[in-house]
Amino acid sequence: MLGPDYIHSLLREALRHCPSDGDGDIYLTATEQALTRFANNRIHQNVAHQDAIAHVRVAVGKRQGRAVTNNLSGAGLADAVRQASEYARLMPEDPDFPGLPEPSPAQSVAAYDEDTADCNANRRAAIAGMVCHKAADLSLDAAGFCRTGATELAVVSTRGADAYHIGSFSGLLVTARSDDSAGWSKGGGWRMDAIDGEALADEAIGKAVWGRNPRDFEPGEYPVVLENYAVDDMLEALSFYGMGAQMVQDGRSWMSDLQGQPAMSPLVSIYDDGLDPAGWPVPFDAEGVPRQRVDVVTDGVVQGPVYNTYTAAKAGVGSTGHQRGATGGPTATNLFMRPGDRTTEELIASVDRGLYITRFYYTRLSHNRGCVMTGMTRDGTFLIENGEITTPVKNLRFTQSYAEALAGCQALSSPAHLNLNEAGVAIHVPAALLGSWRFTGQTV
Amino acid sequence: MDPLIATALDTARARGAEYADIRLVSNREQRIVVRNGVVETMTADESVGLGIRAVYQGAWGFASTRELTGEAADQAAAQAVQIARASASQNGAGMAVAQLLGSPVSSRGSYVTPISVDPFAVPLEDKLALLLEADREMASVPQVTARMANVVFIREERTFANTEGALVTQTIYEAGGGVQATAVGNGETQRRSYPQSHGRQQGCAGREYVVAMDLPGNARRTAEEAAELLTAEPCPSNIHTDLIIDSSQLALQIHESCGHAVELDRALGDEAAFAGTSFLTPDLLNDFRYGSEQVNITADSTSATGLGTFGWDDEGLPAQATDIIRNGQFVGYLMSRESATLLGRDSNGCMRASSWNRIPLIRMTNVSLEPGEWTLEDLIADTDDGIYLETNRSWSIDDRRYNFQFGTEVGREIKNGKLGRLLRNCTYTGITPEFWRSCDAVCGPELWQLWGTPRCGKGQPGQIAHTSHGASPSRFRNVRVGVMR
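Residue numbers (the working numbering), protein chains in the order written: chain A, 17 to 460; chain B, 225 to 709.
Warning: the hint list may mix true and false statements.
[As the list claims (entries may be wrong)] Derived list of chain A stretches under chain B, where covered just means 3 residues or more per stretch with a C-beta under 8 Å from a C-beta of chain B: (1) 46 to 56; (2) 66 to 75; (3) 282 to 290; (4) 388 to 399; (5) 404 to 415.
[What the hints assert, rightly or not] Keeping only pairs whose Cα atoms sit at most 27 Å apart, straight-line, the calculated DSS-like set for lysine-lysine is: (6) A/Lys-330 <-> A/Lys-78; (7) A/Lys-410 <-> A/Lys-150; (8) A/Lys-78 <-> B/Lys-351; (9) A/Lys-410 <-> B/Lys-682.
[What the hints assert, rightly or not] Footprint (simulated), chain B over chain A, 3 or more residues, beta carbon under 8 Å: (10) 156 to 165; (11) 255 to 269.
Just so you know, these hints were derived from the structure itself, not from any lab. Just so it is clear, CB atoms sit at the ideal spot from N, CA and C, and this is done for glycine as well.
Extracted from the complex, chain B is given alone in its bound form:
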């Protein structure tokens, strides 16, 4: 065991901690952003530090330091216990650790993200050339006034240990990339992104993940579609119609209306002041129809390339797959040790911290809609009147995860079983369980794709988590669309 870790845990125990854990994290990140033909950002970031949690009389404290010395680790451990004592002073009688955290966790081992090509071993010139070529392709479309191409590579080494005997080490790689074109004209501003919006597609993978995207090969088409949207028909205003939603937009729909809703800390009120609560309260577990029979959603931290894929979570629980929605029924939460104990369950390993100086919170892993059996061709042919929606543009949902509204970059009219006119400024809105109960068809595994969402905000102080969501195109009946101005 690293002497820093042993020192910190010993100090925490000596100061009165009934439980303590420590994370030692070293993060390296490389980002390149090309904007409008020039390299706006080419940077190498590194961040190193440790964070320690302590329990005293059933109350928590946390402290951290960027200085990796025995003295600094010792001070951080002492400060964590001091803060836990301050918490306990206001909380009244606290629980014993066994009541608070359930069964002890004593995991041991190591994990490395499977990769083919170490992104940090690839010359920068190659990465830069890829982005500049993609930019040149987008620049060939005259209506495009703003172009952006970017790649991100991350390597994070984490060591976790606790006073119950756990000691695990992990090396997590991430790779991401994308292009985005904004066209202006005809009194309009329109954006088109590839492979998805919010800058990039990202996964736990090596350099090969970005190469497979073929950003240069898709850049001109992306820019042309942005220009085409300037003169496209507006989305029909404020009507109800059938929707077929592509997998990347559906991934964000899952994230917002299911993933956050099944975080047990939210359901218990721990996030009430910021992220909000959830309509999926514990009394509804195993007794609530969330969606139609076609809706099966799992949380799986073992999915290949998922941003929620790891060896162990930040409480030392092993990666695992659990049911969240089974045949439309609400059957499971994302849990921590503490919250699971309140339900009389064991944690399913969903605690993750964004950095060494943040505490672990319940975060989504890879929360995905399982594939059905339809082909997209058959699904469109089976739809008389509707809209096919692609690629998220805006997203919003209420604090209990009921009322949502999404906008997409592109819509395509469906008439008599065929795709028709291009539509711009498409939005749709609804109430979460009504929406998922209206799902009557899910496409098959050949169209199922895992999408990264590397900007999930939660917690105070704020944390940004990296999660993924898998989906294939699916149909929803009689949804309200066209809310804009």
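Okay, chain A solo, but in the shape it has when bound:
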């Protein structure tokens, strides 16, 4: 890793090349990742990569230009600053551009574990080997990955921003398959020792064994118990398709007509918190603005979106520190759904006839209004009858408004589970019992 002192001196030196009548900031991301991938009960891909990318922005009045480079030599960064300066001068003025944000110190948050960041290839291979052997013992095929690494983030600006954060990450994903069934599990976070590899292997393998000989099932509307993996998909879609202020300001968000409305069940509260160590903490955004907790939905009432400095200035509010990358709109990436007080077994026990769903796959927006999504169930779909799981069913297609589905939320489990994806989006969610879900097709 590069370290805070080296990064800050490098970036400060580069910013000396900013024009005298302008401002500049540099958002640096440096990642070292290793990933051991397995399929058919053997390691078939095993990689290590590192990169460090400097996102340079130069603002001259109401104009801003950008350049990106992974050449961190003095000359490379100076070229990038000069390139961004040249672009800024070519730009037409943007009357809504508020300038670079004033510096504000971000709260430090512990999210780095040296043991995780330094995990070697033999240790990852041993975990992969353990999963593969367990699957092979039951005549199943295992596939998945074990990954570890660390990411450094830094923002330095001519206005005085000076932020640095380092976070480690780890993940174990397991798919177990037979000829006609599959099971899935995934764990991850910033500490590798929080992953119980044996338990995750058993979870996926158990589903694959349990799911053999699936039966046909007539599509229609049914109550569902969604495992946390499926609820994770719902929150990620609601974030991507509408929790950012730019989408709200364009009228493209699912929450565009719903702010202040009790659009979801009173059981549903969703918030974004970049400082909670139960997630994957990131204490500031790509502009160096400290992350604030933002209540998106409280007791079923839709509150509002997350902001960067640009959309906040347009709305006349302060940035909430949610500029995720160097460009694009603000995004909620550290989401939490308040858990309930039931066990998953209790959720199942309260369903007369419905479906138990492990996860969703290939979900895509069909319509902005209500966040109507289509997608498939995958890796463990089961029929619930009279409060008990009775039989596996073939995977189903659904076409369903996620916002409307959460209006019918009847119960949530405790505890919640962290889903950390490979893009750094962390979503902490419970399992959910929803009163109705619209299945519109079945696969072969």
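Using the hints provided, position chain B relative to the given structure of chain A.
Chain B only, in chain A's frame:
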């Protein structure tokens, strides 16, 4: 040979690698995005680095570095072999390289994308003026609340070498552009895109490719169509009818239901944990009716302007064209050296990596539906009752590539052989082989067009590939449409 390359390959051999290859990549990208009248993004990106793969006892390792020094290349090579040894420690007895990879690859040469105008030699002001003019055209339509216009230009220089003697250099150019208008009103949100959805049309070409799109000349019509959709009739709900699908939507249909399905790594289970597998398992090769007699699909990495066009793939195999579906029969896969060997075949050169710090994976090249003989006028006139669908809006397919559902930006009713009312929120769904077997007419070469899909996700760590698909409008009988709420 670049001393970095020689150093890395020597180190890999010295550490015990039975095979190694290296890619040295320098990527330059320029992006301009105008959103709602202001320049949201104008950026110059560059990324440089090298990646090295190594085989030890039949197992793979890979490492990469952004530092182009002899020391860093040496360390990356050593790390790749160390990782391969860790893989081998869990995999048991491994295969010899000849069994693993088949015939040696020792390609030599250089390739440059044919272009007329180097996009990086054109003043930025010209590119910006084009987008601002397109934006102004869209802004003249009052119901439009969100406008986006963008261009992208890429130049990537790649050098590939392996321990079998291959050494090839390539310079690949890409150019892309598009406009998008979102209208809000009447309780609806509707989007219209030009030339296609997902932001832009893109190809391996120079600046001329974007100029030919005439974004300003098509921007107002695009915005007007978005506004018109606000009051259009909804797509009929949950019926079966005949569809004529335009070439850009059909390109994505090919991508999802054929291109991914014929990736041999998926069929063999290598992508089971993420992208999924395929219903087209090896036992079905040359023994499965995928589509009707009208359906002929090829993979051709030599097609002009295709995003899957190159001189050699990232294992050093030369660009080539191969049959995938011939007269409806499933006859070929997209393959790597390793996977082809398992079928007793030679690779058809489909291994590509998205960056210097990613390994090559089997990726689509230009997977296209060959043209038929119909004119669009005759095809519509020959259809009593159906819908003409244009421009993708949503897409989803199951992990074995059977059950799909697509939405389009626009539908137009067909009644008694004539186009009728505009339809909004159109979707259609089906099962892949049933759908392709229902294809009874394909339009001719004058309507055939190659469409870029520059955002194809696969692999862990994730990779985004650039692929293309050619098609002309085609008819499909008795398809289920209108699944929305």
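Each hint tested on the structure:
Remark: the stretch 46 to 56 of chain A is confirmed as covered by chain B, as 7 of its residues place a Cβ nearer than 8 Å to a Cβ of that chain, reaching the required three. With a threshold of 8 Å between beta carbons, the proposed coverage of the stretch 66 to 75 of chain A by chain B holds, since 4 of its residues qualify and at least three are required. With a threshold of 8 Å between beta carbons, the proposed coverage of the stretch 282 to 290 of chain A by chain B is violated, since 0 of its residues qualify and at least three are required. For a cut-off of 8 Å, the count of residues in the stretch 388 to 399 of chain A with a CB near a CB of chain B stands at 5, and the three-residue condition holds.
Residues of the stretch 404 to 415 of chain A with a Cβ under 8 Å from some Cβ of chain B number 3, which satisfies the need for three, so the listed coverage holds. At most 27 Å may separate the alpha-carbon atoms for a hinted pair to count; A/Lys-330 and A/Lys-78 meet this at roughly 14 Å. As the CA atoms of A/Lys-410 and A/Lys-150 are separated by approximately 25 Å, the hinted pair is consistent with the 27 Å bound. Distance check on the hinted pair: A/Lys-78 and B/Lys-351 sit about 20 Å apart at the alpha-carbon level, within 27 Å; holds.
Between A/Lys-410 and B/Lys-682 the alpha-carbon distance is near 24 Å, which keeps this suggested pair within the 27 Å criterion. Using a Cβ-Cβ cut-off of 8 Å, 5 residues of the stretch 156 to 165 of chain A lie near chain B, which meets the minimum of three, so the contact claim holds. Given a C-beta distance limit of less than 8 Å, the hint that chain B covers the stretch 255 to 269 of chain A holds, as 3 residues qualify and 3 suffice.
The structure does not agree with numbered hint 3 stated previously, though it agrees with all others.
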